[in-house]
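Trainee: Using the hints, position chain B against chain A.
Residue numbers (full-length UniProt numbering), protein chains in the order written: chain A, 1 to 184; chain B, 1 to 158.
Note that these hints are calculated values from the structure, not bench results. No residue lacks a Cβ here, since even glycine has one placed at the ideal position from N, Cα and C. It is possible that some hints are incorrect.
No farther apart than 27 Å at their CA atoms in a straight line, the calculated lysine-lysine pairs in the BS3-like style are these [said to hold, decoys possible]:
| # | chain 1 | residue 1 | chain 2 | residue 2 |
| --- | --- | --- | --- | --- |
| 1 | A | Lys160 | A | Lys35 |
| 2 | B | Lys129 | A | Lys35 |
| 3 | A | Lys18 | A | Lys39 |
| 4 | A | Lys18 | B | Lys129 |
| 5 | B | Lys143 | B | Lys153 |
| 6 | A | Lys35 | A | Lys87 |
Simulated DEER-style distance windows between Cβ atoms [as the list claims (entries may be wrong)]:
| # | chain 1 | residue 1 | chain 2 | residue 2 | range |
| --- | --- | --- | --- | --- | --- |
| 7 | B | His133 | A | Val164 | 40 to 50 Å |
| 8 | B | Lys129 | A | Gln83 | 45 to 55 Å |
| 9 | A | Lys160 | B | Gly125 | 52 to 62 Å |
| 10 | A | Ile145 | B | Pro127 | 25 to 35 Å |
| 11 | A | Ser73 | B | Gly22 | 52 to 62 Å |
| 12 | A | Ala149 | B | Ala78 | 53 to 63 Å |
| 13 | A | Lys112 | B | Lys129 | 31 to 41 Å |
| 14 | B | Gln77 | A | Ser128 | 45 to 55 Å |
| 15 | A | Asp36 | B | Asp81 | 44 to 54 Å |
To give an idea of the interface, some chain A residues facing chain B are shown, with a C-beta separation under 8 Å as derived from the structure [to be verified]:
| # | residue |
| --- | --- |
| 16 | Ser19 |
| 17 | Phe22 |
| 18 | Thr25 |
| 19 | Tyr26 |
| 20 | Leu29 |
| 21 | Ile54 |
| 22 | Leu58 |
| 23 | Val84 |
| 24 | Lys87 |
| 25 | Met88 |
| 26 | Tyr89 |
| 27 | Gly91 |
| 28 | Val146 |
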Amino acid sequence: MVFLTNKNPCTETKVMIKSELFVLTYGALVAQLCKDYEKDEDVNTCLDRMGYAIGIRLIDDFLARSAVKRCRSYSETADMIAQVAFKMYLGVTPSVSCSSAAGNEFSLILDKNPLVDFVEELPAERASLCYCNLLCGVIRGALEIVHLAAEVTFLQDRLKGDAVTEIGITFLRKAEDRKHRRNK
Amino acid sequence: MEARFTRAKSPLLERALGRPRGEVALGAFALLFSELVQYCQRRVYSVAELQARLARLGHQGPVWRALFGKEADKLEQANDDPRTYYVIEREPLVNAYISVPRENSTLNCAAFAAGLVEAVLGASGFPAKVTAHWHKGTTLMIKFDEAVIARDKSLEGR
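Next up, chain A with everything else stripped away, as it sits in the complex:
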């Protein structure tokens, strides 16, 4: 088995790499998955799972490098993801809006998405592929480590012909419920 070393990415605060390397590596990964799996759903699931494995580790790097204070609400959390995390890792800032009265559903609209920089369009035989599904897994994994269960999916995708690319985050438990459990 190959493992991540104990070397902590958090200490490498100033080390940056060119985004092309990241984007093209991602593209190579998706291409490989498409070779290995016939069904789009299987590729999507695999991307989500890998994203999750990355997210549960990435959160450490994020918390160390951003030194942010604890978020007190779902809304603050969603803002943090869009304005700090996306900026830090992908260099873009999606806009955030709350899409439910209950205050637990949010939508991130990506105007620019560097992961698809070299992707013109999905091939006809891959019409249901969620090319960036890794991102959903990353967000879900990262949130889980900070004790926030959430469902994260692509609601719209420019690669599929939609007007925008939109990620939906649904937090699964109300903040009040969590506080109540903690006080027991």
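Mentor: Just chain B, lined up with the frame of chain A:
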């Protein structure tokens, strides 16, 4: 190195990379690469096959200019063969967060880098075979095709 497109595959490949690109934190790339290696590893039965897979992955993504943002530690030319050069990197970026257990010690994830370099050289009109080896850290061995050396010689003659 000026990129030359010898085969027009699609309009996308001819688009200039004019817009200034950003940078991404090393940690993010390292985690992505780690997942990629682990994925490949689950599907192969030998170290050689894993290394070959990583090399193919590096080759798949078209690369038009140097991606690593820093020069390698050392560049040497083989004494006995004008076609062969060695690029030596003590601690290659792609291996920074990969730890290889003893039973897999022949594995070198820089095979991915070798694939990338091979793709760059090929796309720029300098076809070569590039392989990764454990030597003084990690060494990429670049063996240019005969045609490249012949062309070089004929240019020198002018």
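Trainee: All hints are to be evaluated individually against the structure, with a verdict given for each.
Mentor: Evaluation of the provided hints:
Among the hinted pairs, Lys160 of chain A with Lys35 of chain A is consistent with the structure: their alpha-carbon atoms are about 20 Å apart, no more than 27 Å. For a cut-off of 27 Å, the pair hint linking Lys129 of chain B to Lys35 of chain A stands: about 24 Å separates their Cα positions. Among the hinted pairs, Lys18 of chain A with Lys39 of chain A is inconsistent with the structure: their alpha-carbon atoms are about 32 Å apart, more than 27 Å. Taken as a hint, the Lys18 of chain A and Lys129 of chain B pair is honoured in the structure, with Cα atoms around 24 Å apart against an allowance of 27 Å.
The hinted pair formed by Lys143 of chain B and Lys153 of chain B meets the criterion: a straight-line CA distance of about 16 Å does not exceed 27 Å. A C-alpha spacing of about 31 Å is found between Lys35 of chain A and Lys87 of chain A, which places the hinted pair above 27 Å, so the restraint is violated. At about 47 Å, the CB distance of His133 of chain B to Val164 of chain A agrees with the hint of 40 to 50 Å. The hint said 45 to 55 Å for the Cβ distance between Lys129 of chain B and Gln83 of chain A, and at roughly 46 Å that hint holds.
Remark: the range hint 52 to 62 Å for Lys160 of chain A to Gly125 of chain B is contradicted by a beta-carbon distance near 37 Å. In this structure the supplied range 25 to 35 Å is violated for Ile145 of chain A paired with Pro127 of chain B, their Cβ-Cβ distance being about 46 Å. At roughly 30 Å, the beta-carbon separation of Ser73 of chain A and Gly22 of chain B lies outside the given 52 to 62 Å, and the hint is violated. Taken as a hint, the range 53 to 63 Å holds for the pair Ala149 of chain A and Ala78 of chain B, whose Cβ atoms sit roughly 57 Å apart.
Separation of Lys112 of chain A from Lys129 of chain B is about 37 Å and conforms to the stated range, judged on CB atoms against 31 to 41 Å. At roughly 51 Å, the beta carbons of Gln77 of chain B and Ser128 of chain A sit within the given window of 45 to 55 Å. At roughly 38 Å, the beta carbons of Asp36 of chain A and Asp81 of chain B sit outside the given window of 44 to 54 Å. A least Cβ separation of about 5 Å between Ser19 of chain A and chain B falls short of the 8 Å threshold, and the interface hint therefore holds.
Interface restraint check for Phe22 of chain A: the shortest CB-CB distance to chain B comes to about 4 Å, inside 8 Å, so the restraint holds. At a threshold of 8 Å, the smallest CB-CB gap from Thr25 of chain A to chain B is about 6 Å, leaving the interface hint in force. The beta carbon of Tyr26 of chain A comes within 6 Å of a beta carbon in chain B, closer than 8 Å, and the hint placing it at the interface holds. For Leu29 of chain A, the interface hint holds, since its Cβ comes within 8 Å of a Cβ in chain B; the closest pair sits about 5 Å apart.
Interface hint status for Ile54 of chain A: upheld, as the beta-carbon distance to the closest one in chain B is roughly 5 Å, under 8 Å. Annotation: interface hint on Leu58 of chain A holds; nearest CB of chain B at approximately 6 Å, less than 8 Å. Taken as an interface hint, Val84 of chain A does not check out: its beta carbon lies about 12 Å from the nearest beta carbon of chain B, beyond 8 Å. About 10 Å separates the beta-carbon of Lys87 of chain A from the nearest beta-carbon of chain B, more than 8 Å, and the hint is not met.
A distance limit of 8 Å between C-beta atoms decides the matter here; for Met88 of chain A the minimum to chain B is near 6 Å, and the interface restraint holds. Interface restraint check for Tyr89 of chain A: the shortest CB-CB distance to chain B comes to about 5 Å, inside 8 Å, so the restraint holds. The closest approach between the C-beta of Gly91 of chain A and any C-beta of chain B is roughly 4 Å, which is under the 8 Å cut-off, so the hint is satisfied. Proximity of Val146 of chain A to chain B is violated relative to the hint, the smallest CB-CB distance being about 17 Å (cut-off 8 Å).
In summary, the structure is inconsistent with hints 3, 6, 9, 10, 11, 15, 23, 24 and 28 from the numbered list given earlier, while agreeing with the others.
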